[in-house]
Amino acid sequence: ILAKPTDRVEQLMNYSYVTISAMEDREEAVRVMHRHALSVLPVVDSAGVLLGIVTVDDVLDVAEEEITEDFHKAAAVRPLKGGYREAGVWPLYRKRIGWLVALILINLVSSTVISVYEEVLASAMVLTFFIPLLIASGGNAGSQSATLMIRALATGDVKLGQWLRVLVKELLVGLALGTTMGLAGGLLGLFQGGYLIGVVVGLAMVAVVLVANIMGVALPFLLLRLGLDPAVASSPLITSIADAAGLAIYFAIAVWFLGG
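Residues 142 to 401 (the working numbering) make up the sequence shown, in order.
These aren't lab readings, by the way, just hints derived from the structure by calculation. Careful, some of the hints might be misleading.
To be verified - Here are the simulated SDA-like cross-link-like pairs (lysine to any residue), alpha carbons at most 20 angstroms apart as the crow flies:
| no. | residue 1 | residue 2 |
| --- | --- | --- |
| 1 | LYS310 | ILE355 |
| 2 | LYS236 | SER252 |
| 3 | LYS300 | ARG366 |
| 4 | LYS222 | LYS300 |
Input sequences plus hints: build the corresponding full structure.
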């Protein structure tokens, strides 16, 4: 409207526009439109030729599907096609049984660790009372860090190349969390089993929470590096791995201080 009648269209064109390649993942379209507050996103080929557009309505549908899929993966459930209401008993069984069997195999490691240190438990039965406390704390810490990292990677807030910076940050966070929880666990051990038990439980709590926190951050990065969806690092998976690692750490510290 404001241009001169003699101006050509190419003089009115805006070359500073945001586009997306037709080969990009649809999640990238969601991120680009959100980042630039766009209602329409041009789709181009490798030569920059316009192929079509993505509208905000399309993006909302995609975002809903991706969020639902991530929720399913976070619970160690393979994504359902369609909604839960339309799914029958057999599809629901198939989507869940694979991960449950895999988690059983991982949890067998925890059973093996306990059997290896059976003599230590027999000589200091009070150690048994703190096993649920330690593995639950480690699992919870690992699930927290994994959830934060999976979401940060999904939204583009964190990139794969920033893994070292993130690990250092979570190392400090895990150390702070572990120290706080270790003091609480150590006091419980002191009152229930004496000085040495308090030291064992306190140090084990610090180590278990620290290791689980690092694992929760590292696993999504590793999966992304391997070309897999970081959302596969679900809470049940992290918890199962943290349980086995936590028991090994706990009993190793117990042997160091109490012998066995």
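Violated constraints from the hint list, given by number and in increasing order = Hints 2 and 4 not satisfied by this model.
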